[in-house]
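Given the sequences, and given the hints that come with them, work out the whole structure.
There are 2 protein chains.
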Amino acid sequence: MSVTAAQGFVAAGVAAGLKESGAPDLALVVNRGPSTAAAGVFTANRVKAAPVLWSEQVLKGGGVTAVVLNSGGANACTGPLGFQDTHATAEHAAGALGLNAAEIAVASTGLIGIRLPMDRLLPGVDAAAAELSAHGGERAALAIMTTDTVHKTAVAQRAGWIVGGMAKGAGMLAPGLATMLVVLTTDADLDAAALDRALRAATRTTFDRVDSDGCMSTNDTVLLLASGASGVAPDESEFTEAVTAVCDDLARQLIKDAEGASKDIRIEVVGAASEADAVEVGRSIARNNLLKCAIHGEDPNWGRVLSAIGTTSAAFEPDRLNVAINGVWVCRNGSVGEDRELVDMRFREVTITADLAAGTESAVIWTNDLTADYVHENSAYSS
Amino acid sequence: MSVTAAQGFVAAGVAAGLKESGAPDLALVVNRGPSTAAAGVFTANRVKAAPVLWSEQVLKGGGVTAVVLNSGGANACTGPLGFQDTHATAEHAAGALGLNAAEIAVASTGLIGIRLPMDRLLPGVDAAAAELSAHGGERAALAIMTTDTVHKTAVAQRAGWIVGGMAKGAGMLAPGLATMLVVLTTDADLDAAALDRALRAATRTTFDRVDSDGCMSTNDTVLLLASGASGVAPDESEFTEAVTAVCDDLARQLIKDAEGASKDIRIEVVGAASEADAVEVGRSIARNNLLKCAIHGEDPNWGRVLSAIGTTSAAFEPDRLNVAINGVWVCRNGSVGEDRELVDMRFREVTITADLAAGTESAVIWTNDLTADYVHENSAYSS
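Protein sequences, first through last, are from chains U and B. Take the first sequence: its letters are residues 1 to 383, numbered as in this note's numbering. Take the second sequence: its letters are residues 1 to 383, numbered as in this note's numbering.
Hint data in this document are derived by calculation from the structure and do not stem from the laboratory. A couple of the hints might just be wrong.
Reference listing, derived: stretches of chain B covered by chain U, where coverage requires no fewer than 3 residues with Cβ under 8 Å from a Cβ of chain U [claimed, not checked]:
#	stretch
1	43-50
2	66-79
3	325-334
Residues from chain U that keep clear of chain B, each with C-beta distances beyond 12 Å, as calculated [what the hints assert, rightly or not]:
#	residue
4	87
5	160
6	192
7	230
Keep in mind it's a predicted model, so treat the numbers as computed, not measured. The beta carbon of each residue, even a glycine, is placed where N, CA and C say it ideally should be.
So, in structure tokens, the structure goes:
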């Protein structure tokens, strides 16, 4: 499973002492090749953490031989010294692994605005390098957790090749990617350009359509590393499908583990004039705090759905809107539809279908309900 | 105080039985002239309640002789029959008051998607008409409350003329106006065009900069009625200042009474390249759930402020951003500034100053913290 499911990869996860709890907090993923092709997608936030700035540069070179990931500190908003810390991390890993620092990506997650304790992090890199193994994928996935309650891994096995991956993320999940770190590996033999196309296509309809709380992180990173060890060069559409399947699986795991959530809400926007309209409407619904509270209370409050749709610039006529909650069309033609008492909302997954009656395009956005537990988890000092 | 502070106005508030609690739920405000000039600003939500659609038409005529307001039902998403209910309300009030229905505005607040009980509402209009008095402003303000814990009124007295007003609103507060109904009255003698200019200028920097929870209502209505009874035609800038003062006072009262809130957060964006940039950044900060939770926990979490700024399109360089919380510059040049332990957040009002270091423009946005009480209040069935 995880990042070591595909041939050519070794990984490790160790406790470097970055977390006060003593839990694992440093992961290392190494691509032993023969290929080192890679692709990456990063946060759209204009305030980017040092490791994001670093890894963006690494990706421009086209090859990634290793990734160092740490929890216990985001290394964001730490100025030039923070960037030096990331650089030093890559250099140290390069020394330990006999690789070139310019091909080592770095990803960090945790509190913003605090320097990483390099006196613990660098020995942690050494410890991880010493523990690298083809069975290390699970431990690597454990080491990148922050407020996650479970570690997240996924694998898609195809004829002769594999795509595997790990992810972390539980809060601050939002468009343009969430506070999430994702490493995907494959033993398929594809060049960096093909990997980039597949990764962008996959993230566009998976991670980018997860919107737990509307808050975009400074650190989001999704990397796809290809070892070519299978010797198989799959058809690009088949490869994209497999990468999308793994991303979709991991994205769903992020939503299921979102901070304080008691409901996973699938928002299907149909009948849209364009996919962009469908996404805009879905996101607007996903970000409506009043609706998110209503779903938490198992209240099929379709008025709040219409209210959210009304704030968008999508093509629709108010008196043609239809809304179903768990399959019951509680709003038809912008007005009262079927009896809301028919809606069964006892289960964790809730589906809201918004029909704009303006075309044939559609999109799905995933979000969570808003709960007192979310507030508690995020109002604790320095959470 | 309230809408009867200015000469020429009478008002009343009664319990028509729209609310199950038996609390007052129907208000009437009548302009006895000599002038009936008026202006109005309505929700920017494209899903507009029937009374909004009606009152927009009334305002196009230029004169408003009376306003019927009800709590206990929003009459939104009720289709053509809902619009007929609003029309019937205006016609009934016209009959009771000897006025023209085309000059009677209607405003409603409460649950979306439910028809109003007209068999109770229309007798309520009669009862209110019978109780109209120059001291009825307070009772009118009480009758428009929903989840409000206090009624809201404000008055600005100037040389020879007065601007007074009432407002309701406690949740769903957002840009393009909040779920709020506001009626302002003045005995100044100004025509509809002057009133419109003053009202738009006033709301732009007051109600439009209140963003309690990012949720835009279907029913927001702000009306300004001028009786001309003072015989004074004030200078337009002086008049705009007085209307702005009353709007600002009422807007602050809305924030203070926001559902479940324990903090009132004043977000000052300074050093912006344009006022639009300042507003965009202020709103992005105001809508960041993670930050709102942090403020609730009295955590001066400036990283979440930078994170929110980073999602905007405003002009700024990440490494030049400065953030102060209650006057302590905890972030300087995009990195750690003064000791966060110096920030005192015990009091209800919290000021976040975001300096974009990109110009000389500024704006202030008001919001609230996000609390478990907000979740509870909005997750109860059909709240």
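Status of each hint after checking the structure:
{"no.": "1", "hint": "43-50", "verdict": "holds (count 5)"}
{"no.": "2", "hint": "66-79", "verdict": "holds (count 5)"}
{"no.": "3", "hint": "325-334", "verdict": "holds (count 3)"}
{"no.": "4", "hint": "87", "verdict": "holds (16 Å)"}
{"no.": "5", "hint": "160", "verdict": "holds (42 Å)"}
{"no.": "6", "hint": "192", "verdict": "holds (27 Å)"}
{"no.": "7", "hint": "230", "verdict": "holds (39 Å)"}
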